[in-house]
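My request is simple: use the sequences and hints to build the entire structure.
Protein chains in written order, with the numbering used here: chain A, 1 to 366; chain B, 1 to 247; chain C, 1 to 365.
There could be a bad hint or two in this list.
Simulated crosslink set (BS3-like; lysine-lysine; CA at most 27 angstroms straight-line) [as the list claims (entries may be wrong)]:
{"hint": "1", "chain 1": "A", "residue 1": "Lys298", "chain 2": "C", "residue 2": "Lys295"}
{"hint": "2", "chain 1": "A", "residue 1": "Lys305", "chain 2": "C", "residue 2": "Lys295"}
{"hint": "3", "chain 1": "C", "residue 1": "Lys349", "chain 2": "A", "residue 2": "Lys229"}
{"hint": "4", "chain 1": "B", "residue 1": "Lys9", "chain 2": "A", "residue 2": "Lys198"}
{"hint": "5", "chain 1": "A", "residue 1": "Lys229", "chain 2": "C", "residue 2": "Lys355"}
{"hint": "6", "chain 1": "B", "residue 1": "Lys3", "chain 2": "A", "residue 2": "Lys205"}
{"hint": "7", "chain 1": "A", "residue 1": "Lys358", "chain 2": "C", "residue 2": "Lys231"}
{"hint": "8", "chain 1": "A", "residue 1": "Lys298", "chain 2": "C", "residue 2": "Lys303"}
Simulated from the structure, these hints should not be mistaken for laboratory data.
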Amino acid sequence: MIEIMEGNHALGWGALEAGCNAYCSYPVTPQNEIVEWFAREFPPRGKFFLQSTSEIESSFLCMGFVAGGARTMTSTASPGWGLYPEGMSHIVAAELPLVVALLMRGGPGQGTTRQSQMDYTSATSPGGQGGYKNIVIAPYSCQECYDFVQLAFYLAEKYRNPVILLTEPNVTRVLEQMERRPLKFDYPPEGKWALGGKARHSDGKARLITSGYGLTSTEEHPSYLSYLKHLHDKFERMREEVRYEQYEVEDADVVLVAYGYTARVSREVVKQARAEGIKAGLIRPVTLWPFPAEPISKKAEEGAKFLVVEDNLGEIGGLSDDVRLAVAGRAEISLVTALDRHDPGEGGSIYPGKVLEKLKKIKGIR
Amino acid sequence: MVKKVVCGKPRLWRYRSTSLPFCPGCQHGVGARAVLETVEELGIEGKTIFLGGGGCAYPLPSLLDLDAMQCPNGRATSIGSAMKRLHGGETVIITYQDDNDALAVGTEPLIHAALRGDAITVILANNAGYGSTGWQMASPGDTPVPPEMDKPNPLFPINIMELLAEFEGVSYLARGTVSSANDFEETKGYIKTAIAKQMAGAGFNLVEILTACPARWHLTPQESLKWIREEMVAGLPLGEFKNGGGN
Amino acid sequence: MARGFEAIGWGALAADCQLFAGCPTGPDDEAFAWLAREFPENGRHFVRASSEVSAINIAYGGASAGGRAMVVVASAGWGLIQETMSHLVNAFLPVVVVLIQRGGPGAGSLRHAQMDYLAVTRDAGQGCYRVISLAPASVQETYEATQLAFHLADKWCNPVIIATDAIVAGMTEPLALKTIKFDPLPEKDWAVKGRGHQPDGIRRFLSSAQGFIPTRDFPTYLSFLKGLNEKVLKMREEEIRYESYELEDAKIVLVAYGYSARVCQEALLMARAEGIKAGLVKLVTLWPFPVDVLKKKARQGAKFLTVEDGLGGLREDVMLAVEGQAEVETVDALDRNEPGAGGAIYPGKVLEKMKKWEVPKVGSA
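Written as C-alpha cells, this is what we have:
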C-alpha cells in the first residue's frame, strides 16, 4: 500500500518494524519531528520514550537502555552531534549496539537550521577518543529512511557497534510516496550481554559490562592488547557491509559521486547531461563507511573523470577525501561544494543547474 | 533466629586474592560491603544490577557476583534510569558513585533522575576529594589539609540532601558513616530502607556515606575516621533527611 | 629538569596565558597540580571545573573576553569538548587545548596511546573545519609547542590542539626556559568587555552562529562559509611543520609523531647501522600534514612505514599524500611489546618490520 509521509516519520515506522522498544533523545532542529513521532507512537504501544536533558545525557541514557537489553534508537542534529562523541566512544568500547539518526544542518557551531552535508567526516571518522569506526548509512528518500533504519538495527546488533543514519531535512522533511514493507534480517541469537539481575540469565551467572577494557581484565578480554585486536578485527569485518548504487556508470566518462539529497540532484543532472549527449554517470555511496572505493577505483582505472557533489566544504574534507583515496591519483577530481549554493542565506542548496554547469566545464563544453 | 553476618567476606565478593585494589584505610570496600550485606540479607542478589561510577571505586563492579556495569564517570545515574524503565520492579538498580562522579561531572544526571523520580538507589560514597587523579579537592569542600591545588578556588561544600529534599520525585534521603560497627549497622539500615522504597516503586532515593580517604587527606586511617566524625559531620550532618514522597 | 606536564605550564606562563580551566582525569592530573600552584602565584586564573564540558566553556568565556585561555584534557573526556570546539571555530575564537592521549576507546586504559589522531586532525564536532595540532616529542618541544600554540591560536582566531601522550607528558628531561618572541599580532579588537570599555564606544557582538546571524564580518551564511574555507586553506598552506632525518637517499621512510617519533629515531640509527637506507619524517604539526615531502619521496620510489601507537589513523593521511604511488605499511598498537595497558612500540619492532621489506642496502643502487 502506497502512503505519503515524511522521512522523519518513516524513520520511526521503520524502527518500530525493526523491533525498537526504547528511544531517547534531546530535541534540536531539524530533528524535532522525529522526537515528536516517538513521543506520540511509542508510549501507547508500551515502548519506552524518554526525552533527556542534553545530548550528552541522551547518549548515556541510551547506553543504559542498551545495557539493559532494549533495542534502542536515538536521533540528533549537528549541534547536538558535537555532544555525542564521548558517549559513542564508551558505547563502542563496551561493544553495545545503538542506532543513531543524525540530521545535518549548516555548521560549524550553532550554524544554520537548514540542511547541509557537513558532518560526513565526524560521522565516518568518529570524533570520540580511541580511533573506532561506525557503519554509516545515507538514505536519499523516504523509502530508504524506512528501509535503512531496519537495516541499521540489524547491523548494530550483528556487530555490537552503533550504526549511524546520516541524512538531512531535504530528505527527511519532504513528503514522498513510500511503502511500509517489513524487511527480514537474520538477527544473531540474543546476545548474552544484557544486564537484568543474574537470576534472569539461563546460567544464573553474573555479567559485567564495561567500557574500560584496559583497566579491567575479563574472561572474554584478558588483556588490553587482546581487546584491541578484537576491536580491530571487528572493524575489518564491518568493511564487508559496503553498499552503493550505480546509475548509468557503465560507459560513463565522467562520474558524479554523491549521497543524500545531492544524489537526487545528481541523478537529475545525469539525465539532463545524457539528453545532451554527455556520457555522465552517478556512483551513489549508500554506506559512507565502509566507503565503496572499489567501483570508483575501477572507473578511475578506465580513465573517467570525477565530479564530487556534496553540500560540504569539499576543499577542506568530507566525501572528497574518500574519493581521493579511492582514485589514488589516477584521475581528475572536480568539486561542487557548499560554496556553490544557489542562495547566500541558510536555505541555500546545491541545484542541478550548477552541477550541470560544472560538468560541462569538465568536458570542455561551453 | 535471624542469622547476621558479623565477620568474613560477603558471599558476593568474587575476587580471588585477599586484598582489594584500594589504599589502606580507604572505605570504599566497607561502603560496598554495607551494600552487599544488605543485598544478601534481603535475598535480592538475583535481581540486583550494580552500577559503578568512575574514580577509585571503578574496579568494584568487576569484583562482585552481581550483574554489573562499569559506567563512565558521572553517568551511572543515567544508565540506571534507563535500565529501571526497562526492567521495572523486576530488578533493583543500585549505583555506587563517589562525590567526584555524582556531584561534579554527574550533577546533571543526578538532579534529573531525582526530578523524574526514577526509582533507583544511589549510594554516594563521599570521600571529599578526587582520589585516583591525584587528590584534588572536590566540590563538597572542607578537607583537613587545605590542598595547595585548590587554594585559588575555595569551594563551598554542597549538601546534596538539602538540594534533593525539595524534589517531589525523591522518596528517601539519608546520610551515614561506616566509621564504627554501630555506624555501619545504622548505614545498612538506611540502605535497606532505600532499597525497600525502590522495590515499592516509591521514587528516587539516595544514601550518602561519608567515607575515608587517608591517602588523599594525608591522615592515618584512625585520624581519618576521627576527622569524619568531628569535622565532616559538622558540615554534613548524619541521619534521614527525607522519608516519604516519590511516585 | 622538568616533566612534560610541567613544561605545559611553563609554556603557558611564557605565553601569557591568563586563564586555565580544567577537570582532572588520569593521566593529566599532574599538569593540574602544577598549574594549580603556579598559576595563582603568577597572577593567572586557575579554575577547577566540574567536568570537561564545563572547562572548555569557561575557556570559551575567557577567549571571548580577549584573554589567552587553555584547557587540559585526557582522551577520556576529549569527546566532551567537541561541541564547544565547533562553536569556537564558528565564532573565530582562540583557545589552546592540550590533549594527553591515553588508551581508548571509552575508558580504555590510564596509560599512553596514540589513538586520537583522526579525531584531532579532522572535525570531531559538528560541521566541516580543521584545527592546527602540534605533536611534541620531548619536554623541550612541549614547552615550545605550548607557546607556539597560543601564538597560532591568536594569529588565526581558531583553537589549537597540542596532542601529546602520557609518555611525553610524563617523562623528565632537561628544560631550558626561554620565552619565544613571535611576530606581533593585531589587537583583539573583537573582544567583548562592556561597551564603555571599547575604545570606539561601539558594542562588540560574538556569535557561534555566524552567517546565520549576520555579524560584522559575515552578513550571510555563504560569506561565512567562504571566509572559513579560505582561512582553513591558508592555515593548511602556511603552517606545516615537520622534521626530516636522513631523508635524502632513504628508500624506506618512517612517518611518526610523539613518543613513536623518539622510538623511530632509535630505529633509524639501528637500521642505518645495518645498511638499510631508512629515513624519518617526524610530524611537528599533525594538521596541516606535510603532504608535499611525502609525495616527493613517493615519486622517487620510496616505501613508507607509519609508526603509531594507535589503530591506523596516521596511515590514512600518508595514503592520501602518496595517492597510490607508494607502498604503505604500518606499525601500530597491535605491535606493542606486551599485552597489558603499559605495552608500547619498541625500536626493535620497527626495525623488524623494515627488514621484512626487500630494500636495497647502502652501497647498492
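Now for the hints, and whether the structure bears them out:
1. A:Lys298 - C:Lys295: Holds: Lys298 (chain A) and Lys295 (chain C) sit about 23 angstroms apart, inside 27 angstroms.
2. A:Lys305 - C:Lys295: Roughly 22 angstroms between the alpha carbons, so the hint for Lys305 (chain A) and Lys295 (chain C) holds.
3. C:Lys349 - A:Lys229: OK: Lys349 (chain C) and Lys229 (chain A) at ~17 angstroms, within 27 angstroms.
4. B:Lys9 - A:Lys198: holds (20 angstroms)
5. A:Lys229 - C:Lys355: Cα-Cα ~24 angstroms, so holds.
6. B:Lys3 - A:Lys205: Since the Cα atoms of Lys3 (chain B) and Lys205 (chain A) sit roughly 25 angstroms apart, the hinted pair holds (cutoff 27 angstroms).
7. A:Lys358 - C:Lys231: Answer holds: Lys358 (chain A) to Lys231 (chain C) is near 24 angstroms, not above 27 angstroms.
8. A:Lys298 - C:Lys303: Holds: Lys298 (chain A) and Lys303 (chain C) sit about 24 angstroms apart, inside 27 angstroms.
Going through the hint list in order, the structure satisfies each hint without exception.
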